[in-house]
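**Student:** Here the structure of chain W is known, so what remains is to put chain H in place on it, guided by the hints.
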Amino acid sequence: MIRTIIQISLLRLWHNKAELLLTFIVPILFFSIFAWIFGSRGSGGSTPKLKVVACDEIDSPVTQRTLALLQNTKSLRFHLGEQSNSDFVKPVSRESAEALVRRGMVTAAIVFRSKPSEDSDTTSSKDLNAHIPNTSESGGSKSPAIEVFADSFDQVASQVIVAFVQKASMAAQAEHAQEEAVKLQAARQAASQQVQGAQSVAIPGINDPTVRAIALSSQPTLSLEAGNLATIAVPTIEVIDVLGTNKSNPIVAMYAAGIAVMFLLFSATTASGAILEERENSTLERLLCSRMTMDHLLMGKWCYLVIIGCLQTTLMFSAGAIFFGLNLLGHLEGFAVMTLVTSGAAASFALMMAAMCKTRTQLGWVSTILILSMSALGGSMVPRYLMSESIQRVGQFTFNAWALDGYNKIFWRELPVKELTLELGVLVTCAFVFMVVARVFATRWDRG
Amino acid sequence: MKTIFTRKDAPLPRQDSAPSQLASLTRESSRSSIEQPEFALELRDVHRTFGKTHALRGINLTVDSGQKLALLGPNGAGKTTLVRAICGRLRIDQGEIKLFGQPVTNPSTLTRLGVVPQDLAIYSDLTTKENLRAFGRLHGLSGRTLTERVEWALEWIGLEDRKDHLTKSFSGGMKRRVNIACGVLHRPQVLVLDEPTVGVDPQSRHRIFEMLDELSAHGTTIILTTHHLDEAQSRCDRIVIIDDGQVIADGGIAELIEHTIGCERQVRLRIEGFLTASIPNLEWDPTLELFVAEINEPAEELPQLLHRIRVCGGSVIDLEMHQPNLHDVFIYLTGRELRE
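Chains W and H, in that order, are what the protein sequence lines are.
Each residue of the first sequence is one higher than the one before, counting from 2 in my numbering.
Each residue of the second sequence is one higher than the one before, counting from 460 in my numbering.
One or more hints might be untrue.
[What the hints assert, rightly or not] Taking lysine-lysine pairs in the DSSO-like style, the calculated list, with each CA pair at most 30 Å apart, reads:
id, chain 1, residue 1, chain 2, residue 2
1, W, Lys302, H, Lys634
2, W, Lys52, W, Lys419
3, W, Lys168, W, Lys50
4, W, Lys302, H, Lys627
5, H, Lys588, H, Lys622
6, W, Lys419, W, Lys359
7, H, Lys511, H, Lys557
8, W, Lys52, W, Lys168
9, W, Lys419, W, Lys50
10, H, Lys634, W, Lys359
11, W, Lys359, H, Lys622
12, W, Lys18, W, Lys75
13, H, Lys588, H, Lys627
14, W, Lys302, H, Lys588
15, H, Lys627, W, Lys18
16, H, Lys622, W, Lys302
17, H, Lys634, H, Lys588
18, W, Lys18, W, Lys52
19, H, Lys627, W, Lys359
20, W, Lys168, W, Lys184
21, W, Lys75, W, Lys50
22, W, Lys359, W, Lys18
23, H, Lys622, H, Lys634
Keep in mind the hints are simulated off the structure, nothing from the lab.
Pulled out of the complex, with its shape left as it was, chain W reads as follows (with noise of 0.2 Å):
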C-alpha cells in the first residue's frame, strides 16, 4: 500500500512539469542567483569601491600627499569634481562635498579642516554610533584635522573610510618626515664641515679626537630624532553622519521601502492571476461579451492594483511610524508620490506576467522567480551597496533598485519631490511599458 502511494505520488510529480521545477530546479536556480551576486563568481571577484570626495582646507604638502595616497587606493573612487575632466582629485569646497553626500553622490567626503578646534557644527552633528573617538592628540602634534562626512546608509563605508584615511595620513607624514629628514640630513652634513672647518680654528681647547668626534654627532642627530617624533602623529578624524543624526530609527527608513516594494510586487502579481482565473472558467469571455472592451478590463485591472498598492504601501509605513517612529507625516508629498508611480509600475508588471502566462500556476512560479531575483539585485533584501559593482550595475536594471533609490531620496535624504525626476521618469517608462507588453499579450484573449 506504502508503495502504490509512493508510486503514485512520484507519477504525479513527473507529470506535473511545475511542481518538477520548483522542487528541483528553482533552488538550484536561487542558489545560483544568489552565489552570482553575492559570491566571487560572475562579478570577476570586483569588490564595491567606496566613492569619495575631498576638501583640503589646509592644503599643506602632507594633505596633498595623503590625498594622492588615497587617490591611489583601489577601493576608493573619488568623485573628481565638476570641473575636473581628467583623474585629477581636484578637492571642491566642505560646503560641496557635505551636499554631494547628501545627495547619494558620494558615500563619504574626507574633510582636511583647516581649523581643527570646537566647531559648534560638527561636534553636535556627532552620530554617536558611527563617531570613532579621537585617536591621539600627541603632544604637540602637526597632523592634520580630518572630518570625515559620511552617509550612515552604508553602516560599513565609514568605518572602512576613516581606516583608509588613517594609514594615508600617517604614511603622508612618515613619508614627509622623511623628506625632511633627509634635508635635515643634508644641513647637518654641511652644518658638519662648517663647525669642523671652525672647530679646528676656533676650538683648539678641544684637542682630544675622541671628544670631538662626539661633539660633532650628537647634536644634529638628536634635533632629527626629535624632528620626527613631532611630525608623524596618529591623526585625529572626526566622522560626521550628516544624514541619520536627525533620524529617530534611520535603519528603519532604509528597510521599509525595501520590504513595501518587495511585498507590493508579490499581492499585485498575485491579485493579476484573477484574470487568467476568468479566462478559465469563461468569465472572461462572458465580461467580453458585454460592452467591456479588452482596454477597458486591463485598466480596471489595473487601477485596482494601483489602488490596492497605495494601500498596503501606506499601511506597511504607516506602521513604520506608529512602531518604530519612521517619520512618515514630515515627507507625505515624496511619500505620496513614489507610491503612486511604485504602484502603477507594480501593477503594470503584474498585468505584463499575467498577460504573458497561461495558467496561474504558470504565473506562480514564474512570478516567484523573477520577484524574488529583482529583488535580491534590487536592494530590497540586502543593500546594494554590499554587492559588488558589477552585480550593482545589474541591479539598475530591476525595478526594486529606481523603487528603493526613489524612497531614500525622501526618507533618507530628505530631497525634495523635484529631485525625484529620473527615478519616477524610469518607474513610469516601465509602467508605460509593461502595459504596453500586457496588451499586445493579451490581444490573444481578445476576438480570436
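**Tutor:** For chain H alone, kept in the frame of chain W given last:
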C-alpha cells in the same frame, strides 16, 4: 424556416430533400421580396479556419425572433466555434453574422445579446446578489433598474433566500441558475446558452428549462447547444445539426424524422423457435440481435405481423415498439453518437 438535410457518408435520405430545400428557399425569397426580413440572427456563408482546420465551412442560418433553437453536433463539429462567432468573440474569415440586421461586432448590437457560457462564469467568492449586480452593471444597468432586475432575477432563479450566500457554497444546479441569470439581467432579445444543463441533476435541468420557457414566452430568442438530445427534442422548436463545420440538418423534430429515417415505428421482436418461411418486412438485425419490422399503423399491422410469425412456427417472447427520435436522426446523419 429553411430545412436542410445532407449526409455525406451515409445512405441517402429516404425522401428527396431537394423539394423541401427548394420550398424553403422559395418561401424565403418571396418573403424578402415583400418585406425586409429582420431575423433575430442571420448567418451568411460563415467560414473560419484554424491553420489547416476548417472549423466552419459556409454556415448559413437564420433564426426568427422568439424561436428556441437547439444546436447539435458531435464533438469537434464546430458548435463552440459557431457559438463564439455568434457572440462576436471570434473573427470570421468570410461571410457575415447579423443580429437584428446589424453586424454582431457592433457594440450597440451586443446589448441585445445574452451569453451563458458552458463553464460557471460567475465569481464564486461573491454572493448571488453581488454577482447579479456586477454583471448587471457590465451590461449597462444602474440605479433602480438594476435593483429591479436583480430582484426579478433572484425570484426567477428561485434563490431569493440565498441572495447573500457566497455562490461557491451552492450546488451545481444552483450555480447553473445563477450563471444563466447573469446572462439575462439586461433582458437580451437573443440568448445564447452553451450547454446550460451540463452536469446537473434532472430536477435542476427541469427547472432550468422552465426558466428558459418563461423567457421564450416573453419573446426571447433562445439558441442553445446541448448533449441531451431528449431535451433538444422536447424543449426546442427547431433543431440544427452541424458536422464538420457545416449545417447538415435544420428543421423541426417531426420534419427531421420524416426527411431522414422516416416516421415508421420499429417493432423489435425476440422470437423463439424456427421460422419455416420468410415474413415480409421482418428482418434480422445482427446489431440488436433481434428481429425488426417497420410499421406505420401499429393497430392494424402489428396483429397481422404477430399472426404471421405464429403461422410460421415462431413464438414471440418479447416485443418492443420503438418510435423514431432525434437520436436516430443524429446517428443517421452523422454516423456517430453525440459524444464521440
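**Student:** A separate judgement is required for each hint: does it hold in the structure or not?
**Tutor:** Hint by hint, here is what the structure shows:
For the hint linking W/Lys302 to H/Lys634, the alpha-carbon distance of about 25 Å falls within 30 Å, and the restraint holds. For the suggested pair W/Lys52 and W/Lys419, the alpha carbons sit about 24 Å apart, so the restraint of at most 30 Å is met. A C-alpha spacing of about 17 Å is found between W/Lys168 and W/Lys50, which places the hinted pair at or below 30 Å, so the restraint holds. With a C-alpha separation of about 23 Å, the suggested pair W/Lys302 and H/Lys627 falls inside the 30 Å cut-off, and the hint holds.
This hinted pair checks out: H/Lys588 and H/Lys622 have alpha carbons roughly 5 Å apart, not beyond 30 Å. With a C-alpha separation of about 41 Å, the suggested pairing of W/Lys419 with W/Lys359 is violated against the 30 Å cut-off. With a C-alpha separation of about 26 Å, the suggested pair H/Lys511 and H/Lys557 falls inside the 30 Å cut-off, and the hint holds. Annotation: proposed proximity of W/Lys52 to W/Lys168 holds, straight-line Cα distance about 18 Å (limit 30 Å).
Distance hint between W/Lys419 and W/Lys50 is fulfilled; the C-alpha atoms sit about 28 Å from each other, no more than 30 Å. Of the pairs offered as hints, the one joining H/Lys634 and W/Lys359 holds, with about 26 Å between alpha carbons and a cut-off of 30 Å not exceeded. Between W/Lys359 and H/Lys622 the alpha-carbon distance is near 34 Å, which puts this suggested pair outside the 30 Å criterion. Between the alpha carbons of W/Lys18 and W/Lys75 the distance comes to roughly 48 Å, so the proposed pair goes past 30 Å and is violated.
A C-alpha spacing of about 13 Å is found between H/Lys588 and H/Lys627, which places the hinted pair at or below 30 Å, so the restraint holds. This hinted pair checks out: W/Lys302 and H/Lys588 have alpha carbons roughly 22 Å apart, not beyond 30 Å. Restraint check: the Cα-Cα separation between H/Lys627 and W/Lys18 comes to about 29 Å, which is no more than 30 Å; the hinted pair holds. For a cut-off of 30 Å, the pair hint linking H/Lys622 to W/Lys302 stands: about 26 Å separates their Cα positions.
Between H/Lys634 and H/Lys588, the direct Cα distance comes to roughly 13 Å. Compliance with the 30 Å bound is thereby established for this hinted pair. A hinted pair counts as satisfied when its Cα atoms are at most 30 Å apart, and W/Lys18 with W/Lys52 does not qualify at roughly 47 Å. Between H/Lys627 and W/Lys359 the CA atoms are separated by roughly 24 Å; this keeps the pair inside 30 Å, and the hint holds. Restraint check for W/Lys168 and W/Lys184: the C-alpha separation of about 24 Å stays at or below 30 Å, so the hint holds.
Taken as a hint, the W/Lys75 and W/Lys50 pair is honoured in the structure, with Cα atoms around 8 Å apart against an allowance of 30 Å. For the given pair, W/Lys359 sits about 14 Å from W/Lys18 by alpha-carbon distance, which is consistent with the 30 Å threshold. Restraint check: the Cα-Cα separation between H/Lys622 and H/Lys634 comes to about 12 Å, which is no more than 30 Å; the hinted pair holds.
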